[in-house]
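**Q** Once you have looked at the hints, place chain B on chain A.
Protein chains: 2
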Amino acid sequence: MEIITSRNNYLIKDVVRLRDFPSFRRTTGLFFIEGIRLCLDAASSGLKAKYLFVTEKFYSSKKKECENLFPISEKLFLISDDVSEKISDTKNPQGIFLVVYGLDNQNNINKINFNGKYIAFENLQNPDNLGAAARTAEALGLDGLIVSGGCDVCNPKALRASMGSLFRLNVILSPDLSKTLIFLRDNGMSTYAAVVRDADTFVNTMDVSGGIVCAVGNEGNGLSEKVISSCMKKMTIPMKGRAESLNASQAATIIMWEMMSR
Amino acid sequence: MEIITSRNNYLIKDVVRLRDFPSFRRTTGLFFIEGIRLCLDAASSGLKAKYLFVTEKFYSSKKKECENLFPISEKLFLISDDVSEKISDTKNPQGIFLVVYGLDNQNNINKINFNGKYIAFENLQNPDNLGAAARTAEALGLDGLIVSGGCDVCNPKALRASMGSLFRLNVILSPDLSKTLIFLRDNGMSTYAAVVRDADTFVNTMDVSGGIVCAVGNEGNGLSEKVISSCMKKMTIPMKGRAESLNASQAATIIMWEMMSR
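Going down the list, the protein sequences come from chains A and B.
At position 99 of the first sequence (counting the first as 1) the number is 99 in my numbering, and the numbers step up by one without a gap.
At position 195 of the second sequence (counting the first as 1) the number is 1195 in my numbering, and the numbers step up by one without a gap.
Hints should not be assumed to be uniformly reliable.
Chain A is faced by these chain B residues, among others (derived, beta-carbon under 7 Å) [said to hold, decoys possible]:
hint: 1; residue: Ala1139
hint: 2; residue: Gly1141
hint: 3; residue: Thr1236
hint: 4; residue: Met1239
hint: 5; residue: Asn1247
hint: 6; residue: Gln1250
hint: 7; residue: Ile1254
If you're looking for bench data, these hints aren't it; they were derived computationally from the structure.
Each residue gets a CB set at the ideal place from its N, CA and C atoms; glycine is no exception.
With the rest of the complex left out, here is chain A (with noise of 0.2 Å):
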């Protein structure tokens, strides 16, 4: 095992960078995850490592989580507390990180099943609400998860608040939302756009009963018209109270679950 025990070291920077900066994950194939649990569900959901990088603390505190994480590592690292500090994404690091090689479940479109049900996801800037979807998604045993160009599946706090949903998940990468709706719906789906007016039907009188996909827009200015309009209809949470509109999360939330609870 290596010894790194300073914050300039070269690997140590790209490690922060892959952490930081989607473009540089996009460009090296790489991402950067942290804590023992979501580590061990790269692990069990066959992921493979470039890196392992740990403190001598959590290494004897934890020798045996370690140590199951040493077959799918190419190279091990021991790392100063210092050098855990910087690389972390957290305030309180448990001192164990890998960075790991893209995910193989981001399909292409090809990879779809027609009588399948899927959520979409535009643009969707919280890595918190996309973590937080995706384990719902799981949970509730949706068949995956169709994400546009602009959300970040590889990044550390979405990957982290799904709990390793968005390894196990099929997740299909969409270029062009649009167009895959389009694609999807002349393949036999129903396909629905999340609006907050001018609705034709409600989220509970939804047709679920064969393939369906709802798109669901980003926090700030929900689906673009250009996706609205290449759905078959728009679709809408009812909402009483004062709240101008639901979180992100929380709305994809209730639209899953009429989809698969009918």
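**A** Relative to the frame of chain A, chain B by itself:
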């Protein structure tokens, strides 16, 4: 307007304590919020502030909005950017802060409408979950939120995530949730405990025709045995996937939706 430029000013130290320590909030009957939108929400909800803090930069860019806060604030302070960074809970503070007198929507149990719909939380840990659940409760039109001692409705993060809903909702603080639930049952309400296993009913087969309250537990441990046994029935959300359980606020969203949409 007085000027504060020192991070070590005694008042600034108190503001930080209000931000970080629930016990200090309870002792003083004050709480801390930041960001213009939340501050204006507090004002329009009829709250009064003891102190307003604003940076010169923010004041000159949003003069009118700031001046809407002057009539509700007893004392105004112009602070340096350095002080703004010290008291802020966020990475990029806007530069506007209020120290507010305790919420007067924290009614006691006698204010509950026995024909209404309520959600109760036992020791919710994550303030973002409490805030998101409050936002959903308001959007869906629940009659109120019951929170046990362990949930802190004046936490700055919870208030921010609630988008002001915690100012407007009817929030009942219960020092003993189990006793409260028995009292509500004795007054004709249906009381349900959300559990992961050994349930009597599913969330979508609950009787939601009359007054109802559903108790949801904390993120790690769920509801305590004491609270579960004080409810009339145990209820669960059917899950198909591999995720261990839903996030507390996503589970609460499904439960509230089922209470309000049938």
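**Q** Take the hints in turn and mark each one as holding or not.
**A** Consistency of the hints with the structure:
no., hint, result
1, Ala1139, "4 Å, holds"
2, Gly1141, "3 Å, holds"
3, Thr1236, "12 Å, violated"
4, Met1239, "5 Å, holds"
5, Asn1247, "5 Å, holds"
6, Gln1250, "5 Å, holds"
7, Ile1254, "5 Å, holds"
Violated hint for the displayed structure: number 3, the only one.
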